[in-house]
Structures are given as structure tokens and as C-alpha cells.
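Engineer: Residue numbers (the working numbering), protein chains in the order written: chain A, 1 to 137; chain B, 1 to 137; chain C, 1 to 137; chain D, 1 to 137.
Derived from the structure by calculation, the hints contain no laboratory data.
Check each hint, because a few of them may be wrong.
Given that identical chains are not distinguished, each listed pair holds provided it fits within a single copy or across any two copies.
[Stated by the list, open to error] Below, simulated SDA-like cross-link-like pairs (lysine to any residue); rule was C-alpha separation at most 20 Å, straight line: (1) K84 with V60; (2) K122 with D65; (3) K84 with S63; (4) K87 with D65; (5) K122 with R68; (6) K122 with E101; (7) K87 with I103.
The structure displayed is predicted, hence computed values, not measured ones.
There are 4 protein chains.
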Amino acid sequence: MANVFRTTRRIEFADTDMAGIVHFANFFRYMEAAEVEFLRARGLSVKLVWEGQSLGFPRVSASCDFLRPARFEDVLDVAVQVEKVGKKSVTYAFEFSLHGEVIARGKVSSVCCLIQENRELKSVPIPAGIRERLGSV
Amino acid sequence: MANVFRTTRRIEFADTDMAGIVHFANFFRYMEAAEVEFLRARGLSVKLVWEGQSLGFPRVSASCDFLRPARFEDVLDVAVQVEKVGKKSVTYAFEFSLHGEVIARGKVSSVCCLIQENRELKSVPIPAGIRERLGSV
Amino acid sequence: MANVFRTTRRIEFADTDMAGIVHFANFFRYMEAAEVEFLRARGLSVKLVWEGQSLGFPRVSASCDFLRPARFEDVLDVAVQVEKVGKKSVTYAFEFSLHGEVIARGKVSSVCCLIQENRELKSVPIPAGIRERLGSV
Amino acid sequence: MANVFRTTRRIEFADTDMAGIVHFANFFRYMEAAEVEFLRARGLSVKLVWEGQSLGFPRVSASCDFLRPARFEDVLDVAVQVEKVGKKSVTYAFEFSLHGEVIARGKVSSVCCLIQENRELKSVPIPAGIRERLGSV
């Protein structure tokens, strides 16, 4: 697959629940952390100042399918892909694997927002320079 | 809507992030807590002993659309509905509202599993008595 | 004991870890939530506008002794006490009980801070009106 | 200082709160993760099978002083030291630094417990082999 960013994630004790496996909500934290790593590799972030403007990328939707459990000390391989860059939004696809077997697949969509003086968010088109770095040329 | 279970959720300080709003991953915790409350109201739980067998309901998929942010001290209205009861799985739909306006909608699917001696999970048909209580008659 | 504020906390599934008990870090979230409830009962909060100034109460220290574990669905009794109100800081003592038996005791100290324009924090004396409500007359 | 184990921790977006800084409760998760890394470096863990017995190290107390805030994307230096190894318990001291300046100091004490068949915990003396690896000879 073209343009796949790869990282890893080691499961911490606090991420598990009484079923002895990673609590499902934590996969959404893992996705965000992988997204941030991907963006950092391209000189971006989920919160950044771009051409003098303070931008953020709040999530508008998130989903995940859980195929197999992950456990304490597992080191997951995480693949990040930019699935779609729209005018104002970007959608990432994530794949979590353990020993070569996919254990979870997720998606997260974020909207580019201007963080205004009063801290209110206002959706705006993704600046051309950011689009380029996201690989959507 | 028939059979809607309603509860509320007050946003805690620790649930917010640096954007000043509830971090999106927390909505998945909120959904689970609402599901547990719903089940408790029907004499069930996400982990229970049923006719001598230890059962759990691990999640196989979860999704959420975020329409508007929630903030510290907001008291959200949460509506829970059993959307579908399959042979082995159950899907819940959740709606979060603030002052009458929907701010997020989510779904979670769980699979009925037998918790075996070695703590491994094995999917099994949902017992008839539990199906009844879930309202799937 | 004089001036004890009491509330309860029901343990959620996501609060447990693979040892089958509440992960210890969650007790610090529980303490903060109880503190917020206590403050709300007195018309205050951990973040508020007071006489035109934006104030916050960041934590400067926190500790907890864990005597017995808490488990999923347990409903803990939480006692909150203002232990000490200094010039700029306030220390709370918390006691968690289950069925009348103390299972954890903790303390949290916060410093009154002015939230400046640039969002930087600057410690300031606790306003007289807030001191009064904290019961430190 | 003798026997200091060093690691790092990058602050994630989900670790921040609406004050724009790391929520204090997360430092307890960071301490545990650093402890686990330290133990792994010595062939141990917070949950392990040792000479045929299943052992765990539940926390009996934890404390932290917060000197300066940490923020999103900060990379903290974490120093871990075994402060004391008692007959059944071990106390770790942690120091978090940013750019050479200490921002937080914490301690965690754990008790060596046998995880019994029924998953109940029973405190036991720390096995000699584990004591040695903890550096308490």
C-alpha cells in the first residue's frame, strides 16, 4: 500500500480492564497518538500555528472493529493511512496488528478548524500547504 | 421511540482535553457506562453469572459521530436503545443531548462470550432469558 | 466530624484493570470529581470567574493509601473534608468506604491561580469570598 | 545517583485537560509505565509467573508533587529508583524532568501478592530471586 506510515504501541497495565484485555476505548487513544506521530513526521500536528493562524483538528467521527483482544505488554504494529482529504476534513484509516495478524481496524475523521480568540472553533478549508504535506496532491 | 432507556452523565474535569472540550475517546466510556446502567435496570450486566456460566460481552465494534462539543460540568442526556439482537451479538444505539440538542450519536456491538476456566473467551448464543430481558421478544 | 461533605461513586467497567480491581490512578480522578461536587455545593468550581477574574486551582500534590481493592459495580461512599486553607492553597482529605469499611484515604492540595490572558497561570491569594465558602472562617 | 533507571515519556493529546496541561492523575499512569519498563529491563513485571506461582504487585500507596506543568508533545525524562525493598513491599521514587528541570516527583509502594486460584490476592514475602533483581542485595 502506498504511503503507509508505521509505528508501534506497547500496551500498558492501565490500558487493560477486568476482562484481562485492552479496554476498547483505549484503541481510540492509540489511533490519535498514531495520527499525531504521522503528522509530526510531516511537520504537522493536531494543534498548530499555520501562517499565523491557530488551527485544530477536532474529531467528527470515529469507529473501530475489534477482531481479537490485545493484552498487557503486547507490542502492536500500527499502520496509518490518509484515506481521504476533503475540502475541510481528513479521514485516517488505522490497522493494528500483533505478530502479523490484524486485531483491529479503525477510522477517524477530523475537521480543520480555526481556533478563535474566544477559543470557539470555526471550520475552515485545509490550507494548501497542509494538504500537500498530508500527501493529497 | 419505543423502549428507550434514559440516563444522564455529568462531564468531569479529567474528561476534557486542551481544546477545552470532552476528549472524543471518553464518549466510548460514556456509552459503556450507559449500557451497564441499562442492563442493571433489567437485572443484567456486561459480566455476569447466568445459569451457572460466567458470561461477558466484549465489544466487536464501536462508532460515534460528534456533532457538537461537550464541556466541563455539562450534564448530558443519554438515550440507549437496543438496535438489534442477533444470535450471539447485540447492538446498542446511543444519543447524547445537551439542552435538547443532539451532540453525539454512537453505536456499540457486543458478542456474548463464555468466559472459560483459562479466562479465554468463546462466543456463544445469547441465552433465551437474557434475550427476553434485552427486549428482543 | 464537622463539615464533612458526602457523595458516592459507582465503579465503571473501564475503571478496572486486568487484576480485576479499580486501577489505582482512577482514585485520583474520583477525588477530583468529589472535590468538584463539594465546590459546586458551595457555589464554587475548580475553574471559575470570580469578581471578573478567571481563576483555576491546579494541583500541587496528591497522595493516596489503598487499603482494600474496589471492584466493578461497587458503590463507594466518599467523604470530603477541607483539611487546611492556606493563603494561596487548599488541602482536601478524602475517605473512600465500601459497606462501612474504609478502603482508601487520600489528599490533594491545590493552589489558587489567576489564569492570565496568555493562559499562563500565576498563583494568587485565595479571595476572601472563596475562603468563606470553603468554610475557613 | 546509583542505580537510576532512565526512560522518556512523550505527552499525548488525550493526557491534557482543559487547563492546557497534563491532567495530574496521568502522572500516576506514567509512574507505573516507567516501573514496568524498569522491571522489564531486569526480566520482571508487575504481573509474572515466578517459580510456578502467579505474582502481582498491587499498589498500597502513591504520591506525587507537581512543580511545573507538562504540555502536549513535551518529552519528559523519567528517572526511576528503587528506594526501599521491604520484606513484602517495594517503594519506587520517580523524578520527571523537562529540559533538565524537575517538574514532578513521586513515589509508589507495591506489595508482593500471590494471585490465588479464586483471583484473590494474598501478600507474601518477595522471593529471593526477585529481590536480587530489584538490586536489594
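Engineer: Take the hints in turn and mark each one as holding or not.
Structural biologist: Hints and how they fare:
no., hint, in the structure
1, K84 with V60, "within (14 Å within a copy, 25 Å between copies)"
2, K122 with D65, "between (31 Å within a copy, 18 Å between copies)"
3, K84 with S63, "both (15 Å within a copy, 18 Å between copies)"
4, K87 with D65, "between (27 Å within a copy, 19 Å between copies)"
5, K122 with R68, "between (38 Å within a copy, 12 Å between copies)"
6, K122 with E101, "between (40 Å within a copy, 19 Å between copies)"
7, K87 with I103, "neither (32 Å within a copy, 23 Å between copies)"
Violation of the numbered hints given earlier is confined to hint 7; every other hint is satisfied by the structure.
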